[in-house]
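Visitor: Sequence:
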Amino acid sequence: MAAPMAAVRRNVCSLARIFTGISPLGTSCLNACRGHSATCNLIRSRLPLSTSFHTGVVFSSTPSSVTVTDEPDTLFQKVSVLVKSHDKAVLDSYEFFATMAAKELGITLGKVFEPPKDIERLTLLKSIHIFKKHRVQYEMRTHYRCIELSHVTGCTAQVYLEYIQRNLPEGVAMEVTKTAMEKVPDHILKPMWTDQPASDKPSQ
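All residue numbers for the sequence shown refer to our numbering, where the first residue is 1 and numbers rise by one.
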């Protein structure tokens, strides 16, 4: 006898919560009183019209950010990434990261080489009171690293370059050079001397 009384008490408490609008557990309340048809009919008749117990699919109101275009993708014959820094160890680590990212994305790697470093020396006076007697020399070394990618599409190059640029260490500069094959314009393909009249030809 205690079990039916507890079930009725739960039904009454759930009905009170639904009427006050503080609990969205309407479905569980109706399922709990499935055995009592008269009580269920009473609950359904007293519920507001805006109350719904089914779970629908939530559609997002924000438009999709993916755009599909019919334009052909740009093809680059070569993309050269040149990075420079004063610390060689940083360049070694960044070269390992950039080449590993290219291999994971399936990008064809061309040459990865180290151009000769630039050394800039400044010879200054050690003391401002003594002229040309004691000097100190400062040296600034700039190390370079070049990574060449072969036969890359425009979308792939954009994603890869954005990824490695976001992870560029401090004190490292990057220069990107893209090489693409273009069609020769029609005004260059057509020879200019065919349009000249016969009177303009030089006399023999």
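Simulated from the structure, these hints should not be mistaken for lab results.
You may find that some hints are simply not true.
Distance condition first, Cα-Cα at most 30 Å in a straight line; then the derived DSSO-like pairs of lysine-lysine [as the list claims (entries may be wrong)]: (1) K117 - K88; (2) K88 - K78; (3) K103 - K84; (4) K111 - K84; (5) K117 - K78; (6) K183 - K84; (7) K111 - K126; (8) K178 - K117; (9) K190 - K178; (10) K78 - K111; (11) K117 - K103; (12) K111 - K178; (13) K183 - K111; (14) K178 - K103; (15) K126 - K88.
Listed next, with one range per pair, are the computed distances between beta-carbon atoms [as the list claims (entries may be wrong)]: (16) N167 - K190: 47 to 55 Å; (17) H129 - V159: 57 to 65 Å; (18) K111 - A173: 18 to 26 Å; (19) H134 - F97: 22 to 30 Å.
Built from N, CA and C at the ideal position, the CB exists for glycine as well.
Visitor: Now look at each hint and say whether the structure bears it out.
Guide: Outcome of the hint check:
1. Taking the CA atoms of K117 and K88, the gap is about 10 Å. The hint holds against a cut of 30 Å.
2. Between the alpha carbons of K88 and K78 the distance comes to roughly 25 Å, so the proposed pair stays at or under 30 Å and holds.
3. Distance restraint check for K103 and K84: the Cα-Cα separation of roughly 22 Å lies within the 30 Å cut-off, and the hinted pair is therefore satisfied.
4. Annotation: proposed proximity of K111 to K84 holds, straight-line Cα distance about 17 Å (limit 30 Å).
5. Under the criterion of a C-alpha separation no larger than 30 Å, the hint pairing K117 with K78 is consistent with the structure, at around 23 Å.
6. For the proposed pair K183 and K84, the alpha carbon gap of about 33 Å is over 30 Å, so the pair is violated.
7. For the proposed pair K111 and K126, the alpha carbon gap of about 44 Å is over 30 Å, so the pair is violated.
8. This hinted pair checks out: K178 and K117 have alpha carbons roughly 23 Å apart, not beyond 30 Å.
9. With a C-alpha separation of about 28 Å, the suggested pair K190 and K178 falls inside the 30 Å cut-off, and the hint holds.
10. Straight-line distance between C-alpha atoms of K78 and K111 comes to about 11 Å, which keeps the hinted pair within the 30 Å bound.
11. With a CA separation close to 27 Å, the supplied pair K117 and K103 stays within the 30 Å bound.
12. Only pairs whose Cα atoms come within 30 Å are accepted, and K111 paired with K178 is accepted, the gap being roughly 15 Å.
13. Distance hint between K183 and K111 is fulfilled; the C-alpha atoms sit about 26 Å from each other, no more than 30 Å.
14. Our distance criterion of 30 Å between C-alpha atoms is met by K178 and K103, whose separation comes to about 19 Å.
15. Between K126 and K88 the CA atoms are separated by roughly 29 Å; this keeps the pair inside 30 Å, and the hint holds.
16. At roughly 48 Å, the beta carbons of N167 and K190 sit within the given window of 47 to 55 Å.
17. Against the hinted window of 57 to 65 Å, the Cβ-Cβ separation of H129 and V159 comes to about 59 Å, which satisfies the hint.
18. Taking the beta carbon of each, K111 and A173 are about 20 Å apart, inside 18 to 26 Å as hinted.
19. Roughly 44 Å separates the CB atoms of H134 and F97, a value that falls outside the hinted 22 to 30 Å.
Hints 6, 7, 19 from the earlier list are contradicted by this structure; the remaining hints agree with it.
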